[in-house]
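Peer 1: Assemble the whole structure, with the sequences as input and the hints as a guide.
As you go down the protein sequences, you meet chains A and B in turn. Here the working numbering is used: the first residue of the first sequence is 846, the next is one more, and so on. Here the working numbering is used: the first residue of the second sequence is 283, the next is one more, and so on.
Honestly, I wouldn't trust all of these hints.
[Unchecked claim] Quick list of simulated restraints, FRET-style, between CB atoms:
no., chain 1, residue 1, chain 2, residue 2, range
1, B, Pro414, A, Arg858, 37 to 45 Å
2, B, Gln333, A, Arg940, 30 to 38 Å
3, A, Arg858, B, Ser412, 23 to 31 Å
4, A, Thr869, B, Ser455, 45 to 53 Å
5, B, Trp431, A, Asp976, 51 to 59 Å
6, A, Arg934, B, Leu323, 42 to 50 Å
7, B, Pro325, A, Arg940, 37 to 45 Å
8, A, Pro939, B, Pro343, 54 to 62 Å
9, B, Leu551, A, Asp1044, 54 to 62 Å
10, A, Thr869, B, Gly402, 37 to 45 Å
11, B, Gly529, A, Arg940, 53 to 61 Å
Hints were generated in silico from the structure; no laboratory data involved. Glycine residues also receive a C-beta, built at the ideal position from the N, C-alpha and C atoms.
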Amino acid sequence: MLELRDITAGYARNAPVVRNASLTVAPGEAVGLLGPSGCGKSTLARVAALLHRPDSGTLLLDGEPVRRWRHRAPRELRTAFGVVFQQPRLSADPRLPLADLIAEPLRATGEGKAAAERLAALTTTVGLTPDLLSRRPHEVSDGQLQRACLARALALRPRWLVCDEMTAMLDASTTAALVAAVEHYRRSTGAGLLAVGHDHVLIHRWCDRTVHWKAPSS
Amino acid sequence: MAEAAAEREWRSYGISRRSTHTIRLRSSAALAVVTVLAVLLVPPLVQLDQQAVDLAAKLRPPSWAHPFGTDDVGRDLLLRCVYGLRVSLLVGVAAALTAALIGTAVGATAGALGGWVDRGIMRLVDTVSSVPHLLLGVFIVAMFRPGVWPVVISVALTHWLSTARIVRAEVLSLRSRPYIDAAVSGGASRWRVTVRHLLPAVLPQAGLAAVLMVPHAMWHESALSFLGLGLPTHTASLGTLIQGARGSLLVGQWWPTLFPGLFIIVPTLAVAGLAGAWRERLNPRRRSELTL
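Peer 2: So, in structure tokens, the structure goes:
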């Protein structure tokens, strides 16, 4: 169970972007978060993935409150979340070929030996062809790069997936393929999903439950 | 096959059209090559003693036998200048590399850790840079016996500040990119994020700073030697040559100061030209400059 209670978070001290937000995601559940631009959806997603320390509020992971964030969070907790961001260009290190990009979490956690095998499985899951793996991010399209980013997020078999407007930059067929890959992964592992977006149709069809945020919570 | 060729052409387009064809880059490269070859090849290939004294031929103006003339004890100035350039270039490269290493390490630490570590380190940098660096360099070099390595240490310890600032600024701007978030979420430690993602991204900038530092460090070596604090007077370096020739300038003997002076300027221009072309490739919108 992933529970966010009364989360207030932001980037400047006196101007929180998110105020007193609460949200729960049960294991295996898909929760959609909809709202206009600038209402703090992405910030909440970053808080949920332990990437941004909230100013106040608690995050309960299986009933245990989380007290440390980013590098200070224990590695098992951090890697329990797979995160996919809106802009694939910015979320891929421009120097790493796609194969290294996808295998990076495996190497960082000392599972480098199993990387080749896992890489083959992951690329099939997200629908990347092997010839793309030696290319660098600037040599592939946005859609191909986002597929690689999804593969990277799935590399450590996370229990929670956080998709922050994962499909906002993509065409319909790539969107369908990525959503199908996420759903396939969730069916086989029972992972929970927090999908942030502003495409009502997509989020409603994708998720079991949808949360609407109205205006900027200021 | 044709596809691969077309791709290569497309990739190299920026390099071939924009920078390699400029006269400035070519002349800088030629000067740099000549300098490096002279420094590397002349001492082992030419079996002449740079310290050979010939009092009968002292203070001769440039001639065929001595193209740069002779100094006040009859040593050939061309040979002295090449040996001097060798020492100056060694000091310049060693000091610039050391300074760039210290600067990169300090800047990356400040940028990657952030918070009070960053504030503390950057205040230290401000403090050190508020002292005139020649003065600080004189102070450091005065603590040791005269020699090459004290000069290297003195120049390196006073010149890492700008590299540290550049590297810190770059790291700070990179640290908030989503790909760093993705690495954190993928279980990467601070060390791994720094070494795998941050440092490779700032290396071109740090390398450029190091290259631009080489002539600056040569100038500093010359300044310290000219003040009599750097290298011992019997070691030929461009600074000690000019210092030794000071007296003869006033009696109209221009060659013992002019040629070592030119030997400082030529590598400076060559490095400035090369580094300028490099910077234009890294960041085409900003004009390149050399700060001395």
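Peer 1: Look at each hint and say if it fits the structure.
Peer 2: Hints and how they fare:
1. B:Pro414 <-> A:Arg858: 37 to 45 Å: holds (38 Å)
2. B:Gln333 <-> A:Arg940: 30 to 38 Å: Hint violated: Cβ distance 50 Å, outside 30 to 38 Å.
3. A:Arg858 <-> B:Ser412: 23 to 31 Å: This hint holds: roughly 30 Å between Cβ atoms.
4. A:Thr869 <-> B:Ser455: 45 to 53 Å: violated (36 Å)
5. B:Trp431 <-> A:Asp976: 51 to 59 Å: holds (53 Å)
6. A:Arg934 <-> B:Leu323: 42 to 50 Å: holds (48 Å)
7. B:Pro325 <-> A:Arg940: 37 to 45 Å: holds (40 Å)
8. A:Pro939 <-> B:Pro343: 54 to 62 Å: holds (58 Å)
9. B:Leu551 <-> A:Asp1044: 54 to 62 Å: Since the Cβ atoms of Leu551 of chain B and Asp1044 of chain A sit about 58 Å apart, the hinted range of 54 to 62 Å holds.
10. A:Thr869 <-> B:Gly402: 37 to 45 Å: holds (41 Å)
11. B:Gly529 <-> A:Arg940: 53 to 61 Å: holds (56 Å)
Going through the hint list in order, the structure does not satisfy hints 2, 4.
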